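Student: What follows is each chain in one-letter form.
Protein chains: 2
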Amino acid sequence: MNQVTIHAPGTVANLVCGFDILGLALEEPYDIMEVRLLDEPRVIITSKDGFPLPSDPALNTAGAPLLAMLEELGRPIGFEVSISKNIKPGSGIGSSAASAAGAVVAANHLLGNIWAKEDLVRFAMFGEKVASGVKHADNVAPGIYGGITLIRSIFPLDIVSIPAPPLHVTVVHPQIEVRTSDARQILRKQVLLKDAIRQWGNIAGLVAGLMQQDYDLIGRSLEDVIIEPVRSMLIPGFDEVKQQCKAAGALGGGISGSGPSIFMLSRDLATAQAVEKTMIDIYTRIGLDHHTYVTTINQHGVKIIK
Amino acid sequence: MNQVTIHAPGTVANLVCGFDILGLALEEPYDIMEVRLLDEPRVIITSKDGFPLPSDPALNTAGAPLLAMLEELGRPIGFEVSISKNIKPGSGIGSSAASAAGAVVAANHLLGNIWAKEDLVRFAMFGEKVASGVKHADNVAPGIYGGITLIRSIFPLDIVSIPAPPLHVTVVHPQIEVRTSDARQILRKQVLLKDAIRQWGNIAGLVAGLMQQDYDLIGRSLEDVIIEPVRSMLIPGFDEVKQQCKAAGALGGGISGSGPSIFMLSRDLATAQAVEKTMIDIYTRIGLDHHTYVTTINQHGVKIIK
Chain A
3 MNQVTIHAPG TVANLVCGFD ILGLALEEPY DIMEVRLLDE PRVIITSKDG FPLPSDPALN
63 TAGAPLLAML EELGRPIGFE VSISKNIKPG SGIGSSAASA AGAVVAANHL LGNIWAKEDL
123 VRFAMFGEKV ASGVKHADNV APGIYGGITL IRSIFPLDIV SIPAPPLHVT VVHPQIEVRT
183 SDARQILRKQ VLLKDAIRQW GNIAGLVAGL MQQDYDLIGR SLEDVIIEPV RSMLIPGFDE
243 VKQQCKAAGA LGGGISGSGP SIFMLSRDLA TAQAVEKTMI DIYTRIGLDH HTYVTTINQH
303 GVKIIK
Chain B
3 MNQVTIHAPG TVANLVCGFD ILGLALEEPY DIMEVRLLDE PRVIITSKDG FPLPSDPALN
63 TAGAPLLAML EELGRPIGFE VSISKNIKPG SGIGSSAASA AGAVVAANHL LGNIWAKEDL
123 VRFAMFGEKV ASGVKHADNV APGIYGGITL IRSIFPLDIV SIPAPPLHVT VVHPQIEVRT
183 SDARQILRKQ VLLKDAIRQW GNIAGLVAGL MQQDYDLIGR SLEDVIIEPV RSMLIPGFDE
243 VKQQCKAAGA LGGGISGSGP SIFMLSRDLA TAQAVEKTMI DIYTRIGLDH HTYVTTINQH
303 GVKIIK
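Chains as they are written, first to last, in this note's numbering: chain A, 3 to 308; chain B, 3 to 308.
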């Protein structure tokens with residue numbers, strides 16, 4: 003076998019109170035990627051969609067991880083990658099991470115699964131570095147592991163899968179651009195100790211709520227007193243969406259990654275659909291183009307299709 | 003019944019990475035308290051030990067919670083409390099919290115258990131306010147609930163019991179005084195966002211490790227990059243104790259509450275005893291009087307004896 007087709011899922015990083023340490027994988031949307039083994043040491047990227055992404059592999063979020071993998075492998079082989087992107091770049095649901103995670107899982111499959119998942123996360127972070135200037139794993143880790151993942155530490159890398167009860171996820175992507183690097187820059191470098199304490203109380207509550215399948219505790223813990231107050235200013239309608247979606251029955255939610263997408267968690271499908279209607283109503287009234295998803299948590303991560 | 007005798011356990015607050023939000027109850031040491039119902043609206047505190055604690059109930063850590071409870075109750079009754087303290091005030095293992103938790107659990111028992119545990123924590127925090135100037139629950143909550151408790155939020159009060167695997171706790175109390183109020187004052191009001199992120203990764207890891215019974219993850223998560231580097235300077239021998247105890251097999255540990263006691267968690271009794279020997283050796287060499295405990299987690303909190 004020298005060619006594989008995979009689905010690489012969108013992901014929601016941060017999960018409100020877990021900035022830089024928590025993320026979950028979505029059933030939808032996902033990118034479709036074909037990766038072919040080459041017998042020469044190069045990486046070729048071709049795009050089957052209309053997004054203007056760099057084709058130079060060193061600057062491409064799928065290419066950079068493969069170059070890092072090949073350097074560590076030390077064998078004269080290469081990969082040709084063809085990407086059909088459904089996850090819009092800049093949407094805040096892990097478009098760059100999907101390319102990076104998809105590329106390394108596919109390549110590892112072609113190599114006979116010689117790398118552990120933690121190694122794949124390590125390689126995939128080179129793609130995030132290309133995309134945002136910072137190595138972070140809160141999108142690529144859930145993309146590769148599936149489910150909800152905790153990145154306890156980046157250096158050294160320490161990834162923990164967090165079991166969760168069934169959850170429905172509603173996402174709205176208002177069609178404005180928020181660059182991850184800009185969204186990082188507006189954050190203050192220092193935070194109040196009292197805010198940090200409140201935040202780590204919420205993170206501990208969220209992890210406990212997920213593991214104990216306590217939906218109320220999950221809802222109470224979905225509070226961010228540090229990042230959201232700053233970043234939400236970049237997203238028109240954010241406060242209203244959040245408030246109305248909770249009124250419609252959502253457990254809670256907030257900014258997906260660095261935005262502009264907003265996600266909400268619900269206990270059942272009917273609520274998740276009511277939440278979607280709420281989001282659509284608000285952005286229709288505001289007059290902002292938008293796209294919505296009603297989906298669930300993807301438990302398997304990047305999926306080998308053929 | 004108008005009189006009750008209880009055991010009120012020592013507690014370890016913070017658990018290294020969970021400043022102000024986590025605590026655990028100890029099997030030993032514990033205070034012994036007798037509480038008697040009075041038919042007049044007053045609180046009388048008598049001490050059966052040599053510690054110079056205030057006998058004015060409004061200034062006493064057992065008295066203030068009872069006054070708050072009586073005010074909310076609105077009935078013309080009172081309590082006489084007699085305390086035999088085994089948990090030395092200022093040791094950092096919840097001496098003030100034991101008095102507060104013991105008093106409210108005993109009083110509630112005499113009243114026919116009309117209050118929920120969360121109410122008892124709310125009353126007991128008046129004792130902590132008297133002791134340290136700040137209402138905090140990370141000692142009184144485990145003292146009342148038993149086990150390991152998360153205080154997700156103080157206002158509104160939100161307490162979550164965190165299941166944990168069997169753990170042995172070794173505590174050393176070097177006989178120097180560190181006042182809780184002083185230990186709070188030396189903390190900076192602002193922290194670096196990158197340190198806060200590292201801290202909440204560790205807290206999430208600790209909660210997940212406890213709930214998944216993953217001892218290695220518990221050990222890796224027992225890291226504090228915010229409070230310990232500042233407060234440990236007040237405790238002679240701290241770095242050596244920590245390093246040597248881990249070398250002796252402890253999973254990890256750190257300052258108990260605001261110190262000066264140091265606690266270490268171990269998987270088994272033999273390791274916990276080796277850790278105790280390590281602590282004794284170090285403080286004997288330094289020439290500092292000290293007292294040690296080898297104990298386990300108390301699962302029931304304040305215990306009604308008769």
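Don't read these hints as lab results, they were simulated from the structure. Don't take every hint at face value.
Given that identical chains are not distinguished, each listed pair holds provided it fits within a single copy or across any two copies.
Only pairs whose alpha carbons sit at most 35 Å apart, straight line, appear in this in silico DSBU-like list of lysine-lysine [to be verified]:
#1 K248 with K279
#2 K137 with K50
#3 K90 with K279
#4 K308 with K191
#5 K305 with K196
#6 K196 with K137
#7 K279 with K50
Since the model is a prediction, treat every value here as computed from it, not as a measurement.
Student: Tell me the numbers of any earlier hints that the structure contravenes, in ascending order.
Tutor: 4
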